[in-house]
Amino acid sequence: MTNAKAPQVTTLPNGLRIVVDERPGSGFVNMGLYLMYGNMDDPQGLEGLSCMVGDMLMWGSPSYSRKNILDFCKNGNEIFVVTETEHTHFMATVFPENLENALSIFTSVIQNPLLLQESLAYEKHMAMQNIKRSRENPKAVLAGLLKAIAFKDQSVGRTASEESISRITREHLAAQLEAFYVPSAMVLAISGDKDKESAIALATKTLGTLPTKAAPVRTAPIFVGGDSRLAQDRSQTGIRLAFPSPGINDSDRHAAIMLGQILGGSMDSRLFLEVREKRGLVYGISASNLAMQHGGLFVVAAGTGDDAKAESKNIETMIPVICHELLDTTRNITPEELQRAQNSIRMSFAQANCSSASMCAFMGTTTLLAGQPRERSESLRIYQTVTPEDINRVAQRIFSAKPAFAAVGPLEGLPSYEEILRLMQKEPQKKTPDSPAPSMAPRS
Amino acid sequence: MENRDINITTLANGMRVVTDRTPWVETASVGIWVGAGARDEEKGASGIAHFLEHMAFKGTTTRSARDIAHEIEAVGGHLNAYTSRESTAYYARILKEHVPLAMDILSDILRNSTFAEEELAKERTVVLQEIGMTEDTPDDIVFDLFQETAYPDQRLGRPVLGTTESVSRLTRDDLTGFIRQHYHPGRMVVSATGNLRHEDICALAEKHFGDLPAGDPVPAHEPACYKGGDLRQVRDLEQVHVVLGFRGISAHDPDYYAMAVFGTLLGGGMSSRLFQEMREKRGLVYSIHSFSASFRDDGLFGIYAGCTPSHVPEVLPVICAELVAVSSQVTDAEIASAKAQIKAAFLMALESTSSRCEQLGQQMLVFGRPVPLTETLARIDAVDKDKIHALVARLLQSTPTLTAIGDVSHLEAYENVRKQLAL
Numbered sequence: 001m002t003n004a005k006a007p008q009v010t011t012l013p014n015g016l017r018i019v020v021d022e023r024p025g026s027g028f029v030n031m032g033l034y035l036m037y038g039n040m041d042d043p044q045g046l047e048g049l050s051c052m053v054g055d056m057l058m059w060g061s062p063s064y065s066r067k068n069i070l071d072f073c074k075n076g077n078e079i080f081v082v083t084e085t086e087h088t089h090f091m092a093t094v095f096p097e098n099l100e101n102a103l104s105i106f107t108s109v110i111q112n113p114l115l116l117q118e119s120l121a122y123e124k125h126m127a128m129q130n131i132k133r134s135r136e137n138p139k140a141v142l143a144g145l146l147k148a149i150a151f152k153d154q155s156v157g158r159t160a161s162e163e164s165i166s167r168i169t170r171e172h173l174a175a176q177l178e179a180f181y182v183p184s185a186m187v188l189a190i191s192g193d194k195d196k197e198s199a200i201a202l203a204t205k206t207l208g209t210l211p212t213k214a215a216p217v218r219t220a221p222i223f224v225g226g227d228s229r230l231a232q233d234r235s236q237t238g239i240r241l242a243f244p245s246p247g248i249n250d251s252d253r254h255a256a257i258m259l260g261q262i263l264g265g266s267m268d269s270r271l272f273l274e275v276r277e278k279r280g281l282v283y284g285i286s287a288s289n290l291a292m293q294h295g296g297l298f299v300v301a302a303g304t305g306d307d308a309k310a311e312s313k314n315i316e317t318m319i320p321v322i323c324h325e326l327l328d329t330t331r332n333i334t335p336e337e338l339q340r341a342q343n344s345i346r347m348s349f350a351q352a353n354c355s356s357a358s359m360c361a362f363m364g365t366t367t368l369l370a371g372q373p374r375e376r377s378e379s380l381r382i383y384q385t386v387t388p389e390d391i392n393r394v395a396q397r398i399f400s401a402k403p404a405f406a407a408v409g410p411l412e413g414l415p416s417y418e419e420i421l422r423l424m425q426k427e428p429q430k431k432t433p434d435s436p437a438p439s440m441a442p443r444s
Numbered sequence: 001m002e003n004r005d006i007n008i009t010t011l012a013n014g015m016r017v018v019t020d021r022t023p024w025v026e027t028a029s030v031g032i033w034v035g036a037g038a039r040d041e042e043k044g045a046s047g048i049a050h051f052l053e054h055m056a057f058k059g060t061t062t063r064s065a066r067d068i069a070h071e072i073e074a075v076g077g078h079l080n081a082y083t084s085r086e087s088t089a090y091y092a093r094i095l096k097e098h099v100p101l102a103m104d105i106l107s108d109i110l111r112n113s114t115f116a117e118e119e120l121a122k123e124r125t126v127v128l129q130e131i132g133m134t135e136d137t138p139d140d141i142v143f144d145l146f147q148e149t150a151y152p153d154q155r156l157g158r159p160v161l162g163t164t165e166s167v168s169r170l171t172r173d174d175l176t177g178f179i180r181q182h183y184h185p186g187r188m189v190v191s192a193t194g195n196l197r198h199e200d201i202c203a204l205a206e207k208h209f210g211d212l213p214a215g216d217p218v219p220a221h222e223p224a225c226y227k228g229g230d231l232r233q234v235r236d237l238e239q240v241h242v243v244l245g246f247r248g249i250s251a252h253d254p255d256y257y258a259m260a261v262f263g264t265l266l267g268g269g270m271s272s273r274l275f276q277e278m279r280e281k282r283g284l285v286y287s288i289h290s291f292s293a294s295f296r297d298d299g300l301f302g303i304y305a306g307c308t309p310s311h312v313p314e315v316l317p318v319i320c321a322e323l324v325a326v327s328s329q330v331t332d333a334e335i336a337s338a339k340a341q342i343k344a345a346f347l348m349a350l351e352s353t354s355s356r357c358e359q360l361g362q363q364m365l366v367f368g369r370p371v372p373l374t375e376t377l378a379r380i381d382a383v384d385k386d387k388i389h390a391l392v393a394r395l396l397q398s399t400p401t402l403t404a405i406g407d408v409s410h411l412e413a414y415e416n417v418r419k420q421l422a423l
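Protein chains in written order, with our numbering: chain H, 1 to 444; chain U, 1 to 423.
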């Protein structure tokens with residue numbers, strides 16, 4: 001059912017790139033139109049604009065009304081748009097015979113969107129409801145605090161607010177469409193029950209008609225770091241500790257991903273073992289490297305709360321343990337940990353290969369952000385060549401930077417930012433099988 | 001379309017083994033589905049099934065907690081578990097060559113866990129953290145309140161995680177007693193899918209579980225007794241979270257497939273009635289969807305809505321009006337659309353060995369057999385307007401269950417809701 005061949009890029013005369021993964025017999029097709037336009041492209045004061053553009057396109061064109069689009073979805077097909085930090089993607093999961101219709105809808109709404117005032121009023125109202133909803137969710141609040149402090153005073157660090165949404169006009173939408181919705185900044189990824197030749201022919205007939213334009217050039221964000229805390233009456237204190245890290249085109253990205261795996265990617269990871277298994281301080285804890293186009297973010301995420309009768313604060317205990325484990329990876333990575341991370345990545349690739357949705361996302365994002373589709377077998381080969389010393393070096397590179405720290409919830413007992421900086425500067429002792437756990441006491 | 005190669009074997013002790021071979025993949029999913037969950041807990045021991053699921057990973061007579069995680073992850077595998085009201089599942093996802101290891105570990109954690117006191121104390125704090133996390137999530141809380149209001153003072157109404165008080169009381173003896181009472185081979189299913197052979201899985205199941213004694217008869221289940229009612233909690237939240245529901249249907253009900261079609265057309269996606277009316281047309285809610293839960297002898301059907309306090313007065317009247325309308329005015333086109341959406345979802349689920357594995361395990365527990373996809377689709381196809389209308393009338397005959405949290409001061413009165421739903 002899966003295709004072993006590496007995806008090849010076909011570029012249409014207008015600059016649109018197409019990658020196809022054939023899965024004959026699956027009975028459906030996953031398609032994603034990936035566009036280099038996301039939250040980070042929102043002008044200051046108009047945060048949420050990129051998301052609004054995507055949502056407004058789903059209100060149709062003179063050829064495809066909102067009702068036409070919804071009717072299309074009534075027949076077992078699905079269409080939706082997602083706006084992320086770096087890109088917007090228009091997704092469709094359709095029966096094979098409906099692929100052309102889905103492509104026609106996307107082409108039509110991009111070329112000739114209605115952008116009606118009443119639709120804009122509706123979408124602004126919905127966006128404001130979503131903002132209220134996000135404020136209830138501690139993970140969303142933490143994400144907002146973290147990016148604001150990590151990328152201070154930059155577009156990538158800002159979050160939409162009721163005020164920024166209220167400022168958006170039809171003219172803003174039209175200007176963004178004109179500047180960013182250009183075929184040379186788009187990748188069409190198709191995975192499923194459709195052969196490559198037919199898929200390319202359909203794309204040529206539809207998206208191939210979009211006019212050629214130069215893609216805008218982005219300024220690379222700069223990681224700043226710092227501290228941001230919000231006291232709230234919640235059961236748990238959620239924290240995020242983040243560092244600048246290798247991006248999608250950085251040769252250290254494989255080692256950074258493996259570092260995340262070793263530190264907090266599984267039940268046998270260091271943070272899970274030390275913070276949850278050994279001390280029972282959390283339900284969930286993770287570490288991962290988010291590789292973006294112009295750099296990455298290595299993020300540790302955790303949340304903990306206290307029994308009302310507890311004498312000491314879990315958060316006070318947890319932060320030094322996390323810092324100790326991060327620092328330790330700059331010197332100690334065992335061959336077993338390396339092997340485990342490699343096998344885990346091999347397994348995740350094997351699982352992802354079974355999924356047309358996963359393949360579609362992989363082809364679309366790598367082609368868009370890295371410039372070409374990545375072949376999973378080649379990536380796997382590179383992961384196999386990473387050594388413990390590579391991971392030590394990349395850990396040193398990542399953890400020597402000044403971090404961004406965000407916390408939400410009860411803040412009592414939370415170490416100061418200066419204390420966290422101090423903890424991250426401590427030289428770890430060489431780890432031995434019998435070495436004791438790091439001290440529970442806060443260090444002064 | 002079937003694209004499944006399913007085989008079933010029953011071991012001498014009653015344990016069932018079901019496999020679905022997908023030779024085109026490099027991976028496999030294997031798990032043990034146990035027909036015991038939160039509903040089997042005694043009063044005062046709420047959360048024991050879930051706590052046991054956690055403790056199963058904390059060490060056996062031959063493996064420490066670290067060994068369990070380490071062995072499976074050393075080969076790139078992933079081990080996990082979940083607890084629901086009527087079942088508990090322990091499963092692994094691995095590369096095809098590591099199926100024997102996965103079966104060895106799964107059987108070890110189910111049969112030889114030691115539940116050491118030290119581990120028990122630590123894991124209790126982890127579960128209490130999990131409960132704390134849920135308490136920070138309003139749309140989780142409102143569903144727990146809904147279940148509790150639908151089935152007050154009953155096993156089926158208690159939260160799967162238990163409460164801080166009940167979990168704090170659980171002992172090692174409670175865990176071992178629960179296993180002795182409920183983890184019997186006749187209530188357990190080995191489900192495996194992926195690049196594997198049925199006879200190999202049977203041999204592994206025989207090796208690891210063949211000598212598991214049948215156990216004493218399981219005590220009779222407390223029958224579900226749906227009550228319904230009204231429960232509102234004032235909280236300082238940005239949104240108001242509302243769930244309105246009714247007595248639904250059991251997994252064995254003839255209307256089971258009509259419920260799937262009805263749920264989809266009423267609140268199953270962007271093209272559903274509720275989404276169109278409440279979000280697209282009126283902009284009253286950000287989130288709205290319907291859901292159904294079918295237990296072995298009863299069920300629930302409900303609608304969740306999340307909205308700002310200013311829209312609260314309108315939310316319930318509009319939902320009620322839609323429910324009354326749908327009891328007599330469903331169109332053939334809506335039914336056809338819902339059927340197509342369900343069919344597409346089934347096709348997509350076939351891509352994943354994990355989905356196949358879970359579906360098989362659950363179907364064996366609930367129906368005693370894997371339900372062929374062709375049969376499912378034929379039953380879905382047989383649903384028509386009359387069946388939907390009859391189902392809605394049946395749902396609306398029950399006492400509504402209404403739960404809400406947030407600024408509920410302007411939420412429609414319960415008695416008004418009942419009046420608006422009168423057919």
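It cannot be assumed that every hint is accurate.
Stated by the list, open to error - Listed below are the simulated SDA-like cross-link pairs for lysine to any residue, each with C-alpha atoms no more than 20 angstroms apart in a straight line:
| no. | chain 1 | residue 1 | chain 2 | residue 2 |
| --- | --- | --- | --- | --- |
| 1 | H | K67 | U | C202 |
| 2 | U | K385 | U | K281 |
| 3 | U | K43 | U | D253 |
| 4 | U | K343 | U | D297 |
| 5 | H | K278 | H | E316 |
| 6 | H | K124 | U | Q397 |
| 7 | U | K207 | U | D104 |
| 8 | U | K281 | H | K205 |
| 9 | U | K419 | U | D407 |
| 10 | H | K74 | H | E84 |
| 11 | U | K343 | H | K205 |
| 12 | H | K132 | U | D230 |
| 13 | H | K74 | U | R235 |
| 14 | U | K227 | U | S398 |
| 15 | H | K205 | H | D195 |
| 16 | U | K343 | H | Y122 |
| 17 | H | K132 | U | K207 |
| 18 | H | K196 | H | K74 |
| 19 | H | K74 | U | K281 |
| 20 | U | K122 | H | L114 |
| 21 | U | K419 | U | A116 |
| 22 | H | K74 | U | A333 |
| 23 | H | K278 | U | D332 |
| 24 | H | K74 | U | A345 |
| 25 | H | K278 | U | F178 |
| 26 | H | K132 | U | P313 |
Derived by calculation from the structure, the hints in this document are not laboratory data.
Could you work out which earlier hints the structure fails to respect and list their numbers in ascending sequence?
The structure conflicts with hints 1, 2, 3, 4, 6, 8, 9, 10, 11, 12, 13, 16, 17, 18, 20, 21, 23, 25, although it agrees with all the remaining ones.
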